[in-house]
Each structure stands twice: as structure tokens, then as C-alpha cells.
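Put chain A on the given structure of chain W with help from the hints.
Protein chains in written order, with this note's numbering: chain W, 1 to 542; chain A, 1 to 542.
Derived from the structure by calculation, the hints contain no laboratory data. Among the hints, erroneous ones may be present.
Where chains are identical, the list cannot tell them apart; a pair therefore holds if satisfied intra-copy or between any two copies.
Stated by the list, open to error - Here are the simulated lysine-lysine pairs, DSBU-like style, with alpha carbons at most 30 angstroms apart:
#  : residue 1 : residue 2
1  : K76       : K175
2  : K62       : K364
3  : K364      : K521
4  : K364      : K344
5  : K166      : K134
6  : K364      : K137
7  : K166      : K137
8  : K166      : K521
9  : K166      : K364
10 : K166      : K296
All values derive from a computational prediction rather than experimental measurement.
There are 2 protein chains.
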Amino acid sequence: MAQGRTPVPPQGHKEEGVNPIGDPLFLLGLDVGTSGCRSALYAPDGNMVAFGYREYSEYSPKPSWVELDPGEVWTKVRGCIGESIADIDPGEVAGLSLSALGEAVMPIDSEGNHLYPAITAYDARSSGYGDILKWWKGEIDPLDLFAITGTPLNSMPSVNKVLWIKENMPEVFEKANKFVCFEDFIIHKLTGRPAISHSMASRTMMLDISRRDWSEELLDLTDLDGELLSRALPSGCVAGEVTGESSGETGLPRGMPVVTGGHDQACGSLGVGVIGEGPVMDASGSVECIAAAMGKPVVTEQMMGFGQCCNCHTVEGLYLTLGFFPSSGIVLRWYRDTFAEREKEEAERRGVDVYDALTAEASKAQPGASGLMLLPHLFGSGTGQPPTLNRNSRGAIIGLSMFHNRASIIRAILEGVALELRRLLEFIEVCGIQATELRAVGGGARSPVWLQVKSNVTNRTFIRPDVTEAPSLGAAILAGVGTGIYRDFDNAIQTVYREISRFEPDPSLVPLYDRQYEVYKEIYPALVGIYDDLAELGSCDN
Amino acid sequence: MAQGRTPVPPQGHKEEGVNPIGDPLFLLGLDVGTSGCRSALYAPDGNMVAFGYREYSEYSPKPSWVELDPGEVWTKVRGCIGESIADIDPGEVAGLSLSALGEAVMPIDSEGNHLYPAITAYDARSSGYGDILKWWKGEIDPLDLFAITGTPLNSMPSVNKVLWIKENMPEVFEKANKFVCFEDFIIHKLTGRPAISHSMASRTMMLDISRRDWSEELLDLTDLDGELLSRALPSGCVAGEVTGESSGETGLPRGMPVVTGGHDQACGSLGVGVIGEGPVMDASGSVECIAAAMGKPVVTEQMMGFGQCCNCHTVEGLYLTLGFFPSSGIVLRWYRDTFAEREKEEAERRGVDVYDALTAEASKAQPGASGLMLLPHLFGSGTGQPPTLNRNSRGAIIGLSMFHNRASIIRAILEGVALELRRLLEFIEVCGIQATELRAVGGGARSPVWLQVKSNVTNRTFIRPDVTEAPSLGAAILAGVGTGIYRDFDNAIQTVYREISRFEPDPSLVPLYDRQYEVYKEIYPALVGIYDDLAELGSCDN
Chain W
1 MAQGRTPVPP QGHKEEGVNP IGDPLFLLGL DVGTSGCRSA LYAPDGNMVA
51 FGYREYSEYS PKPSWVELDP GEVWTKVRGC IGESIADIDP GEVAGLSLSA
101 LGEAVMPIDS EGNHLYPAIT AYDARSSGYG DILKWWKGEI DPLDLFAITG
151 TPLNSMPSVN KVLWIKENMP EVFEKANKFV CFEDFIIHKL TGRPAISHSM
201 ASRTMMLDIS RRDWSEELLD LTDLDGELLS RALPSGCVAG EVTGESSGET
251 GLPRGMPVVT GGHDQACGSL GVGVIGEGPV MDASGSVECI AAAMGKPVVT
301 EQMMGFGQCC NCHTVEGLYL TLGFFPSSGI VLRWYRDTFA EREKEEAERR
351 GVDVYDALTA EASKAQPGAS GLMLLPHLFG SGTGQPPTLN RNSRGAIIGL
401 SMFHNRASII RAILEGVALE LRRLLEFIEV CGIQATELRA VGGGARSPVW
451 LQVKSNVTNR TFIRPDVTEA PSLGAAILAG VGTGIYRDFD NAIQTVYREI
501 SRFEPDPSLV PLYDRQYEVY KEIYPALVGI YDDLAELGSC DN
Chain A
1 MAQGRTPVPP QGHKEEGVNP IGDPLFLLGL DVGTSGCRSA LYAPDGNMVA
51 FGYREYSEYS PKPSWVELDP GEVWTKVRGC IGESIADIDP GEVAGLSLSA
101 LGEAVMPIDS EGNHLYPAIT AYDARSSGYG DILKWWKGEI DPLDLFAITG
151 TPLNSMPSVN KVLWIKENMP EVFEKANKFV CFEDFIIHKL TGRPAISHSM
201 ASRTMMLDIS RRDWSEELLD LTDLDGELLS RALPSGCVAG EVTGESSGET
251 GLPRGMPVVT GGHDQACGSL GVGVIGEGPV MDASGSVECI AAAMGKPVVT
301 EQMMGFGQCC NCHTVEGLYL TLGFFPSSGI VLRWYRDTFA EREKEEAERR
351 GVDVYDALTA EASKAQPGAS GLMLLPHLFG SGTGQPPTLN RNSRGAIIGL
401 SMFHNRASII RAILEGVALE LRRLLEFIEV CGIQATELRA VGGGARSPVW
451 LQVKSNVTNR TFIRPDVTEA PSLGAAILAG VGTGIYRDFD NAIQTVYREI
501 SRFEPDPSLV PLYDRQYEVY KEIYPALVGI YDDLAELGSC DN
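Okay, chain W solo, but in the shape it has when bound (with noise of 0.2 angstroms):
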């Protein structure tokens, strides 16, 4: 489908800006993210040429509260912008556009100034938002909900958390200009006015993703101003220009554009070239993501069951949905901080990695481990049955028997990711959403044993394309297109779009894994009662 599209016309349009490859212009692609920030400077033909990073904290000022601060953000990606840039003559960067964490937000003034920490997706203050939740139920029905913004009713949009302020800190709610989400706060910073990209709103449940601009339905709902939200804009958009005071600020070109962006994982798989149907991303880190294209809106009632979100892509037209759980390749650390202390030793003396060493001590077991299963979640599950989100989910190590040693678990715990997976592979499947390849980054990406374990286990291609920052690759594609850099989309990924290496099934071990599936979907059904029984026990210590 979207193949050839013609994207939505830049704003803005720079006469000047020539035809890419090999030409001395750099794009400029940040990422803010939930521990910190990065900028990359890419040539157009997609090599990273400088990079800088930034970290800094969540903060909890009571249990369960998780909160940015905006102006600690704001300095670290003003400094990691100034180390991208340091080597070149910034007057050489065509333009700058940036991907950005989902739902968190803050209140700001008419300058741009937070008057309030920004509250971040995960925050569960005042019991995970149940009143406001149990309010929406009594407004409207979340499927209707559902078909206007393709957001599950959940407690992570940032309209949630502006409600939870109107209600809460009515002072604060009064004096804010706009809630913005970081994309907006930065673009306000750099060009003094902020826009923020349909991709990016989509994930404040307040965006029509249809008409993709704010929902006229829910700001009479919720009694929220239009005037307190960003003006929408399709990614890829030039929304400004850097300010002279911003300039100064970061050491960038006064006058240089400023692109509109999108949500991390829409940039993301823009930069590993998800942009029609069939391949799909997969982002392993600590938490594993998986994003597929749509070439239009799927809003049934089957996807919000499984928790499914529709939003808008970073490619104006294609929508985007999202599959997450947050126990990936935090497992792995776990074993590793746990068990591993001699393999770290050993890497350490070797100069190698020891999740290598980790990953070649389960290669000597067996497929399918013996018998010895993971339910992976130690943080909590992210998909499967409803609900999508169960905090209450925990991680289980099934099958134990004597004749499982160290090499077994390791392999467990591979498989076991690769099966949740596979669940989450199987859910937007049975909504008509093709995932015919994976187009693997992040961390767990490095790894050729465990994208083999992946392939084997959901008898499917792994893709490991050569991308370091996927995020951020797609924030400069973005920022190419706003520039004129590149002719469209396709004519991006054309130019920047390479692979590594491609992990196909065995298949020998499609019948096993097959079975071990079956038996795999039977555990988290089996366990979930004695979790919120176990949730319950520890709730009662506290």
C-alpha cells in the first residue's frame, strides 16, 4: 500500500536544500528519551557521523509517582546537541527534527518555562488514575473512545495526567499557557512556538487520528481549552526556525529548521524503513517493542481487547500500532546481575561482552530447554490477555526439574522472551496485521544467538539492519524530508535502508517450538490469579 505514496508536502520548503548523497550536508536527529538523551548528526546517505548522549533520572517525590524535569532535560539535550555538533560547522546541518518519549507531560507558560515536573507514562499517583479512568467509563464508551484516537482506555495518555492536574492543582492548571509533551517543549524551546506531530499526540488519547487533528468531541468532554494544547502537525514538518536566544543556547545556526518529529517508536521504525505493511520493528532494550504499519485505521474492537493502539505514523497517512512488554532484555540482566558475577569477571579480563558469554552458555542446551519454561515477566506483563497492562504479573520459572543447570535457564529465559513475543506477533495477526519480517534493534539486536532463537521460536525472518539509533536515524530521515534532503519517504529509506545479517527459521524446530507455544500460552492464564493473590499478600505488609 503505501508503498510510493507521496508524502504530505513540507511546510516550509528550503529552496536551498539539494539533493542528497554525497552532499556536505548533516542532518541533525534527537532522541529524548526516559533516562536520557541523544543527538546523532547523520549524513544524508544515513552513516552516523557525531553522536552525544546525555543521562538523567526519573524522579519519585511519593511511592509510584515518576516524574521528568523538564529543565534538567532541557540542558542535557542542549548538551548532547553541542557534542554532536562540536567537529562540524553547524551552519552545514540542513535541519534538526527529533524523536521524543510518549505520553509524559507538563504544564508550561507563554515562554516555555514547565511550572511543573512533566508526569511520565508510568506514573500511578492517586491509585493509577482510577477515578479519572472510572470518569471516562461514565462519559463515553471505550470502544467510541477507541475509534477516535485508537488509544485502549488506559491510564498513560497525557491527557490523564492534565486532568489529574486540573482536579489536583487547580493553581497550577490555571496558570498554564499549554500542556506539552517533550516534542513541543522542545521545539518551543528551539523556535519559540511549539507544534507537536500527529505521531506524538496520538499518544495523548485527545487526537482524532482520522481527521488527525485535536478531537472537538473530547475537549467538550473533558472541558479542556483547544488553546491549551500544541498546534498538530504531520511529522516531518518545518515547524520553526532555531531562535536567536536558543542559538545561543546550543551552538546550532539562528534560522535552522526545526522539523516536527514523532513518538520514539514511530521514528523508530521509520528509521528501519516501517513504512508499509508487512515488515515490522522490533526494539529489544530492557523492554521489548514492536511496531507494524497500517495503511489505514484498524479501531475494532478485537484490537482494544488485546490493547492494541492505532496511532498515527511518523509517514502522514500510515498508522502505526504498537505492541510492548516490558520484561525483554531486563530478564537477561537480571541472570546476568545475579547469577553471572564470574562470566562478567571473565568478559571483563577477555575485553568481551558478557552477554555474549551468557548467550553461548545456553547455546549447549538443548531447544526447547529441557522442558524448563520462563513466563518473563519480572516487571510486570505488557501484553497477552487483557488486561494488557498487569502490574500484577510477575515472572515464573516452570518445569524445574534436577537435570536443568545454568545453561538450561539461560535458554529458558531466551525462548521465553521469543515466546512472548510470538503472542504479541500471534495478537496483531488475528487483527489482520501482517508481520511477514522483524526488522530487529536495540540491544537485544546484537546478539546473533538470540535473533536465531527468536526466528526458531516464532518460525519467523529476523532482520538485523545496519542502524545504531534507530530512533534518532528516523528523526533526521524526518528532518531530510522537512528539508528537502530527500524527495519522500521511500526515496529516505532507499538512501539510508541497509542490512546486516537475516535470521531464518530451522525448520527442524518449528514442530517443537510449535508445541512449546501451545504450552507456553497456557501459563500466564494459570498464574494470573495466584499473582493478584500474591499482589494482595504484599499490599498487605506494607
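Same frame as chain W, but now just chain A:
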């Protein structure tokens, strides 16, 4: 009830036997086990004076066949007897009795030579004796069989091995003069004539436990000649005297009384004074076994449903029920061998016990292990819901989160085993059997940390008696009763039983573990179906 009971007058009371304390005479207690035999020489006050141990192996000529070589066992028994009396005048030994493993059975000729190896309890030839069990069900209501024998119908009892030989090796069956267990085998070797205690005979599923003799009804039913079985006597009766030939082989004096002993768990219970209702033996090694005395046979449908046997005790007139689970200390050993390489090295270097290091580590975790729970079935389930013995059941670690560490896991192991023990205690209490205090023996009893955990988790008093080898001490008591060294069993226990330490439940933790136990009870039912599927999946691979 049993307090102050008059024991059955020992046969062949040794006239010159004088009453005990301070007397220079010794008592010899043998303990013939699954993997080795012990010979312990006791002073009448219960102090062990000398000890011999010899190891032997089980053999598996075919998968799931489990045999012992009777010739090897007899050689090793002779060896350890010799070692235990090497430093004394053998004439000072008043008598010998023996504790032995149950169920294992072999055909012998009239000279006492074995015609085939001993087939042990866990032998599962011919698909776990499926046809034989089917045959039983066709012939007799299992509840009637239970009422006669105190044995819930299962594949382990000796008679099923005898029937297997009759069916599958008629030439061996025809030649057999008798089928004997290790008690009667050794007594035959020592005295020239076999005899079996009611305690040991209870493990054959052929003894009428109320009449305390072989069941005529079952002899008829199985078409087995009663002459094929040894005479059945109460425990603590002189069965014969050491012959000239066996005197030469063992170094024991010719004419020394050989006294009927009992099943190892019954001898162990006697060794820690479990000769009345209330105190229960908790024997924890690799496996865990509890034994509770009863004043009369309890052969209800409920008992049978829980898989609880009702055996004749070593104290005539008393009965003993056993509870068992195969995955106890073996789970901590699995952890040690899988994850505690460093602790092992450190313990060796410092000359301390690695288990003490592990339980000390567990003490660093919170009671309840912060919601981490273990189903300890690494070697299958031993009790719990019927089917009592589920070889498909496996271990499970449930509730795992990023915040659990090594200490939480070890604590979960200690607590999981204690919770399984609580389950077992609940089963016998539901049947009306008391368990006011537990007298702990075996390797597990060496850990004060684990005993305290067991006390807290089960909300019961645990006692560590001053006993190193409870079964051999029980055998020595029988030798002493049989030879008149002790007036009666009460006198024997008053003389030899001492406590080292006592562990009382911490009242502040009782509510926590009560709630945790409720959750624990959900785990096995939740997983049993998955384990059946995993077993099927595993067998597909073979």
C-alpha cells in the same frame, strides 16, 4: 494412648541380659538403605560408640528399572558390621537388630542366596506396573485393599514386583524358595532362617495390619503360596542367633541374638521417641518424610485419597502413617551445584559447611521472600492432591521480579520446602492425626535457620533431638528391647532420648505465612495440567 503400654513380650528373652544404664554391654543397630548401609554400635544410654558405613549402587539394566545387587549389599553389610565392632570385644554386644529400606524384594533359594537382583520401590519397569494395577482394580475395591493392608494401591509395594516376576520370569519364580525384603534377607544370612517384622511386612501390601499376619484373602487373590513369604513377627523379637557361618563372615559372636527390626522410617521414628500420638518425626535429607504414630489403624477413604499409608509400627499395637515428598534437601543441593560455585570454594577454604553459608544468605531476605515462591517438585511431587505421586510434576519459581536476588531465591527454597511440609501435615491432621511437635532428623535438621523457617511456616514446634542416626538407634532400641536390656519401649526412650534445641514459631510471622500458605496451595493445581502437557512434549522428543 501408647504411653505406658506393655510391649509384647520379646521371644527368646535373653536371661542373662541385665538392666541397662552403666552396663558394659552394647547394642548393634544396622541400617540398610538405598545407597549404603550403616552399622552403629550404641551404649545402652543411646550414645554411639562406633560406626561403620559402606556405600553401594543402584543399577538400571534398562531405563526406569532400579535394582540393588543383594550380594553386594550383604558384602557391604558385613564390612560395616566389622568396622563398627573392630575396637571392642564382640562378646559384649548384647544383640543386633536392623532398619531397612522398604518395598525392595528379591527371590532367594532355601540357602538364602538371591536368584535375581532386588527390585526397588522406584523401579518402574513395564510402564510403572500399569497392567498389575489394572488387575488389582479388577479384583478388589482399592478401599477394601487399603482396609486390609493400610496401603493405598500403587506400584511400589513388594507384591507388585513379585507378581511381575511371576508373570514375566516364570523360571525365576518357580525356583524361588521365598521372596524376601532386605530385613528378612539379612536375618536369613545371619541366623539361617528368614523373619520379617510386621513393620517391614506393611510395605509389601500383603500384610493384614489388623490381624498382624499375611492376609489369607490376598494370598488367595494373588494365588501366591504363603510359604513364599517369611514368618512375620512383631519388631523387637529375637528371630534367631548368629550362626557359625555368619559369625565367621561378620565377626559377630556365634549365638548372639538377632532381633526383628523394621522399616527405616519406623525405626527412625522409634529412635526419636515417636511411640505415641503427638510428636511426629520429620526426616529431611534429599527427600523429606514425616512419620506419625497412631493408637489404632486409620484406614478411611480420606486417608487413602491423600495417599497416606497405615503401617504397623515397630511398637506392636501402634500404627504409623508416613508422608513423603521427594524434593526437599535435594532442591537446595541443586541450587548449590548450579549457582553456588563461589560459596562452595569459600566454604572449603574456611572449613565451614556450604549449606550454612547458603542459609545465612537466605536470612538476609525478608520472610516471605518478597513474594517469591517455590513449588519444590524438582524431583516430582510426593504428596499433595491425588495422584499422590506425580512424576510429571516439576519445580516452579513463581512471582519473580527484578528485585529478587540470590538471598530471595534461597529463602524461597527453604520456605517452599517448609510450605510443602505444611501441606503434608495438613493432610494427616485432616485425617485426625495429631502433630503437636516435629522431631527433626537428617541433613536438613543440621540447619538451625531452616528449622526456624519450618517452625515459622508451619506454626509448629520443631525439636532437634540428640540423634545422629535415628534408624540405627531405633534398631539398637529394638535389639535392646528384644534382649531385655530395656524393660520396655518407654523405658528405652526415657533412657536414650535427649533434645539439643527447640524452635518455636515467631508469632509475628504467623499471619504472613498463613496467607502465603493459602497462595501456595493454589500453585500445584494451577500447574498440574501444564506439567502433563510438558511431559507429553518431552516424550514426543524422545
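We went through each hint and held it up to the structure:
1. K76 <-> K175: within (26 angstroms within a copy, 91 angstroms between copies)
2. K62 <-> K364: between (46 angstroms within a copy, 27 angstroms between copies)
3. K364 <-> K521: within (26 angstroms within a copy, 35 angstroms between copies)
4. K364 <-> K344: For K364 and K344, the Cα distance is within 30 angstroms both inside one copy (18 angstroms) and across copies (24 angstroms).
5. K166 <-> K134: within (16 angstroms within a copy, 73 angstroms between copies)
6. K364 <-> K137: neither (52 angstroms within a copy, 46 angstroms between copies)
7. K166 <-> K137: Within. Shortest intra-copy distance 19 angstroms satisfies the 30 angstroms Cα cut-off; inter-copy 73 angstroms does not.
8. K166 <-> K521: Neither, since 42 angstroms and 46 angstroms both go past 30 angstroms.
9. K166 <-> K364: neither (57 angstroms within a copy, 45 angstroms between copies)
10. K166 <-> K296: neither (34 angstroms within a copy, 74 angstroms between copies)
In the structure shown, a violation is registered for the earlier hints numbered 6, 8, 9 and 10, in ascending order.
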